[in-house]
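Peer 1: Here are the chains, one letter per residue:
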Amino acid sequence: MNIAAAAQINSFLAALILLTAFGMLVQRRMNGLIHLFAWQGLFLSISTAIVGFVAEQHHLYISSVLTLSLKVILLPYILHVLMRRLKIQKEVETIVNVPMTMLIGIALVIFSYHLMAPVRELSTLVTRSTLAVALATVMIGLLMMITRRHAVTQIIGFLALENGLFFAATSATYGMPLVVELGVALDVLIAAFIFGIFFFHIHTTFDSLDVEQMARLKEGD
Amino acid sequence: MMPEPISLAASSVCVLLVAVGLAPLVMRSQRLLSVLSFTMSAVASLLAVIAGGWTVWLGLTGRVVLLIGLPDLPFHLRLDPLSGFFLVVVGVLSFFVSVYSFGYIKGFLGKRSVTSLVVFYCLFLAGMYMVILSDDALIFLISWEVMAATSYFLVIYENERIENRRAAFLYMVVAHIGAIAILLSFGVLAGLAAGFGRFGGYTFDAMRAAHFPLEWATAAFLLSFFGFAAKAGVVPLHVWLPEAHPVAPSNVSALMSGVMLKTAIYGIIRVTFDLIRVFPWWWGAIVLIFGLVSAVMGVLYALMQHDLKRLLAYHSVENIGIILIGVGLSMIFMAFHLPLLAALALTAGIYHTLNHAMFKGLLFMGAGAVLHATHERNMEEMGGLIHLMPWTAALFLIGCVSISALPPFNGFVSEWLTFQAFLLSPSLPSPLLKLLIPMGAALLALTGALAAACFVKAFGVTFLGHWRGHHKPNVHEAGWSMRAGMIMAALACFGLGVFPTLVINWLDTVSGQLLGTRIGASAGVFGWMWLTPVAAERASYSGPIVFLGILAVVVAAYLLLHVRPGTIQRVPIWDCGFEKINNRMQYNATSFAMPIRRIFGYLFHVKQTVKAGAERGHRAFPKRLHYSLRVRDRIWGWIYRPVVEASFWVSRKVGRLQQGRIQAYLIYSFLTIIVLLVFLR
Amino acid sequence: MNLYPFIMEILQVLILLAAAPAFVGWVRMLKCWSQGRSSAGIFQPYRDMLRLFSKDVVLAENASWIFRFTPYLVFGTAVLAGGIIPILSVDLPLAATADVIVIVALFAIARFFTALAGLDIGTAFGGMGSSREMTIASLAEPAMLMAIFTMSLASRTTSLSHMSEAILSGQPVLRPSIVFALLAFILIALAETGRIPVDNPATHLELTMIHEAMILEYSGRHLALIEWASMMKLFLFVTLGIAAFAPWGIATSGDALMLPFALFLLALKLGLVGVGLVLIETGLAKMRLFRLTEFLGAAFLLATLGMLAYFILE
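In the order they appear, the protein sequences are chains A, B and C. First residue of the first sequence: 1, per the working numbering; consecutive thereafter. First residue of the second sequence: 1, per the working numbering; consecutive thereafter. First residue of the third sequence: 1, per the working numbering; consecutive thereafter.
Incorrect hints may have been included.
[Claimed, not checked] Derived, one-sided and incomplete: chain B residues facing chain C with beta-carbon distance under 7 Å:
#: 1; residue: V18
#: 2; residue: I568
#: 3; residue: I596
Hints were generated in silico from the structure; no laboratory data involved. Don't be surprised by glycine CBs; every beta carbon is placed ideally from N, CA and C.
Please work from the sequences and hints to get the whole structure.
Peer 2: Take a look at the structure:
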């Protein structure tokens, strides 16, 4: 496999990652959301492996396997279990209507492209063009956290955001040092667990996972 | 010796002024007055068309300095391809409308005096010709005011209705705010051209020769764009348009919507491309954005209307938007030194200007014929008119097909050219623009499709189905002169759609004059049948083949299916075996637009109430339901109401000065004198 | 003068007229199989049409000329589009008549008149169908244009023949933009041709029908023409997609030997598309009308992402 072909496949994977990010933004069903997240993790892990191969950075293989096991298998499984335990409703509630969210998402992609244009000029890596996509994925993750009401969708948004960061790291500098990556992976795992625990508490307190309910915590005036 | 085009154009203005002068002499016989005035205005329009068409065809430039004017400041006139083109736009439609008016005005004869209508009609035409011909700021503004004032009197012609007076007042206010902005803009340009202390800069020639610093040029551009946009009805300055255009007599509505708005487009093109000449790309982006917003909002508001003429007026907002899209794209391309693409976009814009004049004139004339016959503007009360007014229906349908941008009629060609200009945006050097401009193309596509939906509604509800109203008036077909005016406009729509290459070759000198590049060479490489805006490999369109191809298949299918004699059985409508179908069960304008109203509802102020009637019955099965729907412009509440309220507030405050006692007024004068003495020693 | 392109042109129109019902028959047959019903065979649409053509026309009392003219016009635009879209060969004398935008507009003119015909009789169904059809069309149009924009980026043309040639002559490259454009195109084609999940071509249930509601009052040869035209429209959208995304095998030069091969590949591709269409139609339920904003919004999103991917990634 030559470098040009690898770069092509990598940019194709970048496109797919962006697509899954948008898919998560517009998906209404909780199950579909988790599946999309797993798909995004899968594309990310393949992309990481390819970058590792092209750049001959073998520690990226470990990151790739880590991503695969953590984001494609473990976290989606945890989320599924969580959903079943808490008997969460299947429809995702949104604050802003879906077509509007899509348009904002498109605007964010254009914005990140504009932001990354100077970096693109400077960088010499084959993966440089995917940087804008990575940044866009981060922003879309954040947008998802803003526009959704349900706590579980918020954690998926957070995890998608982390995917974007990870992707940015591989495409900008061929990945962070292994230690850092291991640490981040651990952080994500722990964050997910903490979220899970919080959900139980929120659920028992408010009998719902709608984060709008949190407004009730404010002291009345 | 052949007369020069400019003297022809000037003589056309003179003919109109003579018609005005003759009016007091023959006003005893109203019929003679109307025949005389409209004959003379038709002749004047023909003269203007010949002068303009000739100028554009040969790419001539002629000038005249008039001996009249202010002391030392004579009036300058000039006829170049740009003004020639707009002269043709105005002239052709005013010729059609003048022919149409012979019949239309019969509806007023014997009921009210038509003297003011015909006098202001002629003056209005003269004002528009003079705006286009003028070559200095002074006569431009004078003509502009003549045009605005006469159209005010035309709007208020049927002045016994309060809504007409209100509409005319609103129109006057917006027109004057716009005129002030244009005046200021010319002030800036003239001041910079010759120094602020002197007057020499008032001619357009002086402005062309001057070089403007960017910040001043920007100020002048923004002021003039604001002023012209107010006249053109660009969103958010459009509120007067749907009020004023519908209430004017229909022949005047046709002229106002069809050509008066175009003088504002002319002004924008003249000021940016001809007077200022060098500009940054973001000026174009401003024009493009306002164009897009106007196009989309115009058509969406139009969909919400059930008054036929109001609907058409909102479509003028939309089409002005489409024209501005072409102009804005052209400015962007020009700022990045891509003259060929700029020429394509500009051609698309001015081609749409011509097309819009034709089909909007046709549609307003058709609406006038319907109004004339039914005395009704509300579509909810119409229906089935195609059986009673077959000519008007067929001609109105041609207008609908043209404005909905469907081949082979003319609206399609100019929108297609605009799309081609959009598709060439990847050759811009700026990455951000490359990514953003395609969104504009998508909005334009949305506009086109919504316009088609709107005209299915307008035609379907007005002319098809059964009569929806409670009382059916005695409807009659339009008279011959009205039909003649509409037939000519329909033929123009058809010709401009089927032979675009010839038209583009003709109007090519306009972009040649303004941008220094022509597209005629590449657009017509393959002869008159094929239109290839940039290159044949890129995109091509053949109006004649599309038309003949569809026609051939239709005729062949018809003949083949009528070889065997079949019978056509006419039966009552199948009512699914329930009670008899009645005419109130049909879809009407409101219900047709319901899905779109729901999807784009957040852009309007929609108030919908359903109330059960007072008759007794179970709560779940009321005997009678009252449904009321009100859709309003959000922009009115956002921008205009605060302004109105603020001005009322200020007037109340100022009103306190009015005491009614003479001593108080003397004190005011006295204080003023004291203040002046203190500060202006 | 070289007659070959003209022969291809005529052949293409004939194939369109003849094969469109067969394609619909194929789709219906697959659908029957997939749902465990026994099918009427691939030739049933021909029998239906024959029956309709041999019947007399029954018109409502107040039908105007628009109602009678519409079937012929709809048929005419479909046949003309068939002469322009490269179905068998890219070397067509009519190819330069229209680019993709004009072809879309040709379908739009057919839709415009069908919607008017729906309003002509003055029944509630007709108006309902027209209103919905025009709404869906207005939502589909921006997505369609964006898809065309994306397709034209790589090939630098909007003419279908040149688009096919550009794909045939270029290196096989995996372009994200084209994949996105293809996905968007599939969604739009489902909406434009009135398939599930947008409209159900087999329904006569009042509240769900769209296209059927507009043509409810038609009978006899008028109905036959409209049905035939709508089959051709489906066929044309499929061939349009093939020409723009997978033209491999289409006849390019004046080589008569390529013709059987091109025919064979065309049949193969159509068969596969039929399978895909049936999978989509049996896998999805018809959507509520107001969910369609999201469906067509997704089409617009995909097309736009294709355009962005072209500039960002390629």
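Peer 1: Hint by hint, say whether it matches the structure.
Peer 2: Now for the hints, and whether the structure bears them out:
1. V18: Violated - the Cβ of V18 of chain B stays beyond 7 Å from chain C, reaching only about 45 Å at its closest.
2. I568: Check passed: Cβ of I568 of chain B comes within 5 Å of chain C, closer than 7 Å.
3. I596: holds, 5 Å
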